[in-house]
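Student: One-letter residues, chain by chain:
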Amino acid sequence: MFSFIEPAPQKIIGEASRIFYYHIPQAWISVIAFAMSMIYSIRFLKKRSLDEDDKAAATAGLGFMFCLLAAVTGAIFAKVTWGSFWNWDPRETSIFILLLIYGAYFALRGAIAEDEKRAALSAVYAIFAFITVPFLIFVVPRIVPSLHPSDSIVNEDMKFTMGPSVRTIFFSSLIVFTAVYFWLFNITRRALKIKRHLLNEDK
Amino acid sequence: MPHTSASLATKCLTMLVKDLKLELRDKYALNAVLMFGITTLAVVSFSLGQRNLPPHLLGALFWVIMFFSAMSGLAHIFIREEESGTSLALRLAAPPDAVYIGKLLFNLILLSVLTVIITPLFFIFTNAPVSSAIDFIPILILGVLGLCSATTLIAAIIARAAVKGALFAVLSFPIIIPLLLTLVISTQKLFEGSGVGGVMTELQFLLAYMVVMIVGSLMLFKFVWTE
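Keeping their order, the protein sequence lines are chains A and B.
Taking our numbering, the leading residue of the first sequence gets 1, the next gets one more, and so forth.
Taking our numbering, the leading residue of the second sequence gets 1001, the next gets one more, and so forth.
The set of hints was computed from the structure by calculation and includes no laboratory data.
One or more hints might be untrue.
Simulated coverage check for chain B against chain A, where a stretch passes if three residues somewhere in it have a Cβ under 8 Å from a Cβ of chain A [to be verified]:
#: 1; segment: 1024-1036
#: 2; segment: 1153-1166
#: 3; segment: 1214-1226
In silico DSS-like links for lysine-lysine, alpha-carbon gap of 25 Å or less [what the hints assert, rightly or not]:
#: 4; chain 1: B; residue 1: K1222; chain 2: B; residue 2: K1011
#: 5; chain 1: B; residue 1: K1222; chain 2: A; residue 2: K47
#: 6; chain 1: B; residue 1: K1021; chain 2: A; residue 2: K117
By construction, the Cβ of each residue, glycine as well, lies at the ideal position given by its N, Cα and C atoms.
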């Protein structure tokens, strides 16, 4: 809310730079959500409890949603500042590949009817896809140079570069987004569990 | 334990020989992959006509042809087991590692045959510089190894799902992107006349990718196979 009241954080870009309060927390949350999805996938393969699979699917879905939001806000921001919605900047490329991976993950989940089988196969896929990410980090920046600023949050000495009011709004936004994520995660996880039990009762 | 390691190698070979015999009987995967590759190459060649392409497009074209040909046939190895209902017997007869390595070797042979046929045709049909053909060999070998190591596990996954054909490409593509991009970059450099020395970093990357994919697949395969 305060992101609209306080002055815009970046003088050169102006009013549009307010989107930074939404764009960055969304991107962070999506990465956290995907990492959690992989952890729950590993835990499922170890413990074989379908609850873990529900959690992995729930957090992957949320990660996908936040990733999409980050891509959309990023594209709007890019249109205003760089002149085009999409130009295959390394981070745009990696966010695109993340969307592809989890799109494929849900396509796979949709194609398997049995709970146990779906859980195991999608867990394997989530882990397998995740281990290719380091290769992406190596290869993608070699294709197009990045347009993303690397010093908007921390500079080279790991000091915060934001002013006090910007910092307050940014971190409260980050906290609110994280809270929303955990709230949604809790709801989707329980919804998936209930859905599974209801389906099993029908049989 | 020399005894078990020797028996694992024998089991892998038994798997491979069994799959090769089956494949030679109906030649399903081989025909699919070869015809797909040749058709795509012909379409590309026809649509180009007499125009000469710049090297950076040639590299991309070559690997696009290879990727889709691979997608058309590499999944067959596991789908066949499911369709003929032999996967259960195979699960009892051989340890998962042997099954995975056997299938991986089979896919390697399949894709190598395709490469050996497609690559000369590619040099004939397009204006790719023939002088760089020898230097192209290491990239080809590592490319084939990388493609197979990344897609064999995916093939095992999709063989157990409902819509097999479409899912294979959908699931494989995100995993293969780093590999494909590196292959395209290195092929461009080579066709522009860099020589093997100019693509050393890419070759190391391809090698690392292959090793990580095979190790990851070996760790994860038993979860797919025994489920």
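Student: Which earlier hints turn out false for this structure, listed by number in ascending order?
Tutor: 1, 6
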